[in-house]
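Residue numbers (our numbering), protein chains in the order written: chain A, 1 to 223; chain B, 1001 to 1223; chain C, 2001 to 2243; chain D, 3001 to 3243.
The reader is advised that the hints may include incorrect statements.
What the hints assert, rightly or not - Below, computed lysine-lysine pairings styled on BS3-like, alpha-carbon distance capped at 30 Å: (1) C:Lys2136 - D:Lys3077; (2) B:Lys1079 - C:Lys2099; (3) C:Lys2136 - B:Lys1139; (4) A:Lys150 - A:Lys4; (5) A:Lys79 - A:Lys123; (6) A:Lys158 - D:Lys3077; (7) D:Lys3099 - A:Lys123; (8) D:Lys3099 - A:Lys158; (9) B:Lys1004 - B:Lys1158; (10) D:Lys3077 - A:Lys139; (11) B:Lys1139 - B:Lys1158; (12) C:Lys2099 - C:Lys2138; (13) A:Lys123 - D:Lys3138; (14) B:Lys1123 - C:Lys2138; (15) B:Lys1158 - C:Lys2136; (16) A:Lys123 - D:Lys3077.
What the hints assert, rightly or not - Restraint-style ranges between C-beta atoms, simulated for each label pair: (17) D:Asp3206 - A:Leu210: 34 to 40 Å; (18) B:Val1211 - D:Arg3076: 36 to 42 Å; (19) A:Arg140 - B:Gln1061: 54 to 60 Å; (20) D:His3048 - B:Glu1063: 43 to 49 Å.
Since the hints were derived computationally from the structure, they do not count as laboratory data.
Positions of the beta carbon are idealized from the N, C-alpha and C atoms, including for glycine.
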Amino acid sequence: MTAKLTNNQIAWRAAQDITDGAYVNLGIGFPEKVAQYQPPGREAIFHTENGILNFGEAPPQGEEDWDLINAGKRPVTLKPGASFFHHADSFAMVRGGHLDVAILGAYEVAENGDLANWSTGPKGVPAVGGAMDLVHGAKRVAVITDHVTKDGKPKLVKRCTLPLTGVGCVTRVYTSLAVIDIEGGRFVLREKLPSLSLDALQAATGAELLVSGPVIDLIVPEL
Amino acid sequence: MTAKLTNNQIAWRAAQDITDGAYVNLGIGFPEKVAQYQPPGREAIFHTENGILNFGEAPPQGEEDWDLINAGKRPVTLKPGASFFHHADSFAMVRGGHLDVAILGAYEVAENGDLANWSTGPKGVPAVGGAMDLVHGAKRVAVITDHVTKDGKPKLVKRCTLPLTGVGCVTRVYTSLAVIDIEGGRFVLREKLPSLSLDALQAATGAELLVSGPVIDLIVPEL
Amino acid sequence: MDKTVANLATAVAGIEDGMTVMIGGFGGAGSPIELIHALIDRFRATGHPKDLTIINNNAGNGHVGLAALIEAGMVRKLVCSFPRSADPVVFTDLYLAGKIELELVPQGTLAERIRAGGAGIPAFYTPTSFGTDLAKGKPVAEFEGRSYVQERWLRADVTLVKAETADPQGNLTYRAAARNFNPLMCMAAAETVVQASRVVPAGDIDPESVVTPGIFVQKVIECANPQQEEDLNRANAVYPGVA
Amino acid sequence: MDKTVANLATAVAGIEDGMTVMIGGFGGAGSPIELIHALIDRFRATGHPKDLTIINNNAGNGHVGLAALIEAGMVRKLVCSFPRSADPVVFTDLYLAGKIELELVPQGTLAERIRAGGAGIPAFYTPTSFGTDLAKGKPVAEFEGRSYVQERWLRADVTLVKAETADPQGNLTYRAAARNFNPLMCMAAAETVVQASRVVPAGDIDPESVVTPGIFVQKVIECANPQQEEDLNRANAVYPGVA
Chain A
1 MTAKLTNNQI AWRAAQDITD GAYVNLGIGF PEKVAQYQPP GREAIFHTEN
51 GILNFGEAPP QGEEDWDLIN AGKRPVTLKP GASFFHHADS FAMVRGGHLD
101 VAILGAYEVA ENGDLANWST GPKGVPAVGG AMDLVHGAKR VAVITDHVTK
151 DGKPKLVKRC TLPLTGVGCV TRVYTSLAVI DIEGGRFVLR EKLPSLSLDA
201 LQAATGAELL VSGPVIDLIV PEL
Chain B
1001 MTAKLTNNQI AWRAAQDITD GAYVNLGIGF PEKVAQYQPP GREAIFHTEN
1051 GILNFGEAPP QGEEDWDLIN AGKRPVTLKP GASFFHHADS FAMVRGGHLD
1101 VAILGAYEVA ENGDLANWST GPKGVPAVGG AMDLVHGAKR VAVITDHVTK
1151 DGKPKLVKRC TLPLTGVGCV TRVYTSLAVI DIEGGRFVLR EKLPSLSLDA
1201 LQAATGAELL VSGPVIDLIV PEL
Chain C
2001 MDKTVANLAT AVAGIEDGMT VMIGGFGGAG SPIELIHALI DRFRATGHPK
2051 DLTIINNNAG NGHVGLAALI EAGMVRKLVC SFPRSADPVV FTDLYLAGKI
2101 ELELVPQGTL AERIRAGGAG IPAFYTPTSF GTDLAKGKPV AEFEGRSYVQ
2151 ERWLRADVTL VKAETADPQG NLTYRAAARN FNPLMCMAAA ETVVQASRVV
2201 PAGDIDPESV VTPGIFVQKV IECANPQQEE DLNRANAVYP GVA
Chain D
3001 MDKTVANLAT AVAGIEDGMT VMIGGFGGAG SPIELIHALI DRFRATGHPK
3051 DLTIINNNAG NGHVGLAALI EAGMVRKLVC SFPRSADPVV FTDLYLAGKI
3101 ELELVPQGTL AERIRAGGAG IPAFYTPTSF GTDLAKGKPV AEFEGRSYVQ
3151 ERWLRADVTL VKAETADPQG NLTYRAAARN FNPLMCMAAA ETVVQASRVV
3201 PAGDIDPESV VTPGIFVQKV IECANPQQEE DLNRANAVYP GVA
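Only chain A is shown next, with the shape it has when bound in the complex:
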C-alpha cells in the first residue's frame, strides 16, 4: 500500500456528503477539520456540546474569547443566527435526534456498526465526553479515520476488541483508502482509491468487504 489520503483529504471527502442546511456535530480533534471543506453554496450549521449552535472558525490569535469555545475547548467565533443554551438543552438536541450528522474519530469500527473511540483499555485516565451521546442521537453517525492503525493493523474489524462507545451506531466510514457503508451488519464498499486493488484494500481491512454495486473511484483534491 503506498498512496493514501491525508487527514485533510479524508475530511474533505466527508464534507461532500453534508447537505445544505444540515445540523452537524464534529468530534473533537481530527473531525473538526470537516468544517473547513464545506462545498460552495452549501452551509451546514455546526453544533457543539457545550452549548453553541452555528459557530464559525477560530478567531485570529490574540482575539480569543475563552467563554466562546467549542467542545474541544478551542476558541471559536459566531455566525449570524447563532444561539447559546445549557448542557441539558444541548444534549436534548443530540439525544432527541435533532442533529442530521455526527462525524467522529475511531479506534475501531466493526462490521455490525459498533464503534470504539473512547478508551484504549484500563490503563491511564478514562475520559468519554459526549461521544456516547452522539452515537445514539444523530440521524447519521459517520466515522473518519485512517484505514489502519499506526502499526498497520486494521481499524475496520469484525468485532471491536476495545471498550465500546456505542452498539450498531455507525453507518458510514470515511478512511484514508475508501468510503465504506455499514448495512445489514456488513461492510459495503462504495469508493476506493483508484490506485488501490480490491485485494489490497481487503488485506488492510479486518472484516470482509462486500461489493454490492459499482465501486466509485475515490478522488479528492490536493489539500
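Please build the complex by placing chains B, C and D on the supplied structure of chain A, with the hints as guidance.
Just chains B, C and D, lined up with the frame of chain A:
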C-alpha cells in the same frame, strides 16, 4: 355552629404563616386570595405554573395583557425581579422541591394527609391541572377550606372518598373554624375560633381531633 | 438557510389524517390561532386532515382556535391537563356524548413528557399522581424510600406554535407567559411550524436571548398582529364566521 | 429579599466535610475560580472542608481553580465526563496513585442527571452508554423496540457557579458558552452560590432574558473582572501562589 371565618379571613390566616422571601404557589380560585394578605414587612415571591415568578396583582380593567396571565388565566402584572420560563422549568421548580409553600383548596382532606381536590367523581369532564404536581413538590403543602361542605358534611375526614390528588401530602389545614396540623397520621388542633367549643368543632370534623398542646384562639381581623 | 414559508396554507400542509399534533399555548396565551384557523380552512375545503390527536394543555374556549378545531370535527383524541374553561361547551358536549377521547395528564407530567420526547428520554419517574387514579396501569418504582410513577415520552408528527420573534433559521423568542409549552413542543415534533409576530434577519436575535434554537424548527411564517383568543372570545367570535 | 453576601468567605461558608459540591463550567468557561479559591483559602486556614465529592464536567487544568482544589487534597471523589485536559497532571497523578475516586459519566447523561436532580425526577432512561462498560450494573429496559439504560438523578449539597449578571433575588444571566452546566447545577443543590461579574438592582434584568430564575439561587457575591482559567494557565499560575 354560628360564627365562622369568611374566605378572606381564612386567606388572611394562611398568609400569616408565609415567611419573608418565601416562594409560594397559590391554587386557582380561593387560594389566590392569600396573596392580598401578606403581613407588612414580608414579601413572598409568587410562582404560577404557566411560567412566571414574582408576579403581582391584577392590572386595572382595560389594561390587561392576555400574554401575562396566571394559572387561572387571569391577568396579572410583574414585580421587579420577575422572570419568564417554559412549563418544564416551571414544574422543575415545583417537583424539584424549590417552592416553600403551596396553598390549595380541597374537597376532602384526610387525617393521613391525603388530599382530594381535583375530581368529584366520574360525572362531567375531569380536569387536573397542576395540583398533582404541587402536592408532591412544595416543601410545605397547606389547604385552605371551609370546615364543612355546603351541605354541612365534614371536609376533614378519616379517609378520602373522592379521587385522590395526592397521598400523605398535606401538613396544615386552615379552615373557617380552626387551624389543624397533620402529624403522624392524625389531625392535631392548633387554633380554633374562641366562640366555638371543642365538642362543636369535633362534631363538625370527620376524624378525631388530637389536642397535644395549647389550643390558641383563632382571631382574625374583619375583612 | 431560509425556513420561512409563503403562506399559512403551506405552513400547515404537512398535517395529515390521523396525525398527532402538538399545539402550543396555555389557554389563549401563546396559542397559534392563525395556524389553527388555516388548518380548519383546509379541512373545510378538502375534508382533511381529520382524526387528529391533539396535545395541548387545555381543550379550547369559545368557538375559535382549538375549540373551533374540535367543533369542526377534526379531532379524535385530546391529550391535556385541564379541559375546563370559561366557555368549554364545544369539548364538553362532545366528551359527554362519547364523541371525543380524552387522556388527562397532570400539567407538570404533560410538560415533562413533551420535553422527554424532544430530549430522547423514552421514560422517566415522577412522584406526581402516585396513588391516584391517573397512575392506574403505570409502572411504579421506589427510589430512596419514596414511590414514583413511570411516565412515557410524548412526541408528535407536527407542532404548531406561536412565537414573538423568529429569524429565517428558526431561532425564536416568545412574549411573556405566552412561552409556556411552546419551547417544549418545538423539540418534540418531526415538523415544527411557527407563526411569529415578527421575522427578522439572522443575527438580529441576540444569541443569549434565543429561547428556541433553530434546530428545533422546520417552518416559519410571519403573522403580524396575531389574534388573541381572549379578545376573540370577549367579542363572541366564531370561526369560521357566518358567511 | 437580598441574597447578596458580603464576601467570598461567607459565600462558601456552607460547605462542610464530606459534602457533594457541584462546580459549574466547561473547562475554564463558566468556572467560578474566585469561589473555588476562597474554598481553598478556608481549607488552608482551618483544614476544612475536605473529603468532598465534586461534580464537574472536567478534572481541572494546570494548578488553579478545580485543579488547585484537587491538588490541595480536599477532594475524595470526582464525578465527571472528561478528566483529560491540556495539563491534567494534578488529577492524573492522584488517580493513577489510587488517591482519588472517579465516576465517569457520559456528558449528556451527566447534564441530564443533574437536571433530573433539580427537577425532582429520580430516574430516567437514556440510549446513551447502552451496551458499553459505563452501563454495567445499571438497569436496562426496552421501549418501542430499542434498549435504554436507567440513570439516576444527581443532587448536591452546594453548587458553585459563575454568572455574568445577577440581581439581589438571584436571577441570573450567563456569558456565551460559559452558560454550559451552570443553570442545571443551580437547580440541583440545596444551596446554590453564585459569583456574578455584575450585580444589578432587581428589575434591571429583562424578565425574558433571565436564564436562571432566582428561586434556584441562595447566595450571590459580586466578583467584577473574574479570572479566566485559560488566562491563568497560559501565565503558568499556581494557586495559592508562592508567598
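Of the numbered hints stated previously, which ones are contradicted by the structure, given in increasing order? The structure conflicts with hints 1, 2, 5, 6, 8, 10, 17, 18 and 20, although it agrees with all the remaining ones.
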